[in-house]
Amino acid sequence: MNKMHTIARENLQHFLYAYKESPKEPGLRIVYDARKSHAQRKQEDQQLALEQLRATVNLKVAFAVRANTTYDGALEDESPIQKKTVSFKKGDFLHIYKRYSPDWWIGRVVSTNSTIGFIPTARRLARLVEQNDDEQTLPGDKNALM
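Residue numbering for the sequence shown is 1 to 146, as defined by full-length UniProt numbering.
Since the hints were derived computationally from the structure, they do not count as laboratory data. Any given hint could turn out to be false.
EDC-like mimics (lysine to aspartate or glutamate), calculated; alpha carbons at most 20 angstroms apart, straight line [claimed, not checked]:
#	residue 1	residue 2
1	Lys84	Glu51
2	Lys83	Asp45
3	Lys83	Asp72
4	Lys42	Asp103
5	Lys89	Glu76
6	Lys84	Asp103
7	Lys98	Glu130
8	Lys36	Glu78
9	Lys84	Glu44
If you anchor each label on the Cβ, the simulated ranges turn out as follows [claimed, not checked]:
#	residue 1	residue 2	range
10	His38	Phe93	20 to 28 angstroms
11	Thr70	Asn113	38 to 46 angstroms
12	Arg35	Leu125	29 to 37 angstroms
Even for Gly, the Cβ is constructed at its ideal location relative to N, Cα and C.
All chains, please: the whole structure from these sequences, using the hints.
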């Protein structure tokens with residue numbers, strides 16, 4: 001019984017010593033900082049988006065669409081790279097080079113000196129229109145349901 005007690009105590013001391021030393025070793029931190037992780041993930045996503053945007057310059061146009069609505073990219077919060085969001089007017093023709101995500105294409109407005117950037121897909125534009133309609137029918141509005 002005494003020998004088992006000694007072995008258990010040695011194992012416990014070894015475990016406690018290893019636990020004390022672990023933060024000095026490289027690897028994962030014990031304390032997880034969600035804000036830092038989110039910022040790091042967002043920075044990595046932006047870097048990937050920028051690389052894909054640069055690689056698109058060498059691609060051919062996949063298809064062209066005509067805009068059914070006006071879109072101001074400067075007001076967009078969820079673009080992969082906010083400064084690289086393309087704005088367009090109703091009736092503009094857009095060249096689409098590739099799909100970046102379900103909500104974003106990489107393309108440009110068909111005009112001289114236009115730059116390649118991120119264009120919202122029809123799905124994203126439809127969602128934005130729905131959000132705007134919901135915001136316009138606020139409870140204080142005359143047209144809102146009681």
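Identify every previously stated hint that the structure contradicts and give their numbers, smallest first. When the structure is compared with the hints, numbers 7, 10, 11 turn out to be violated.
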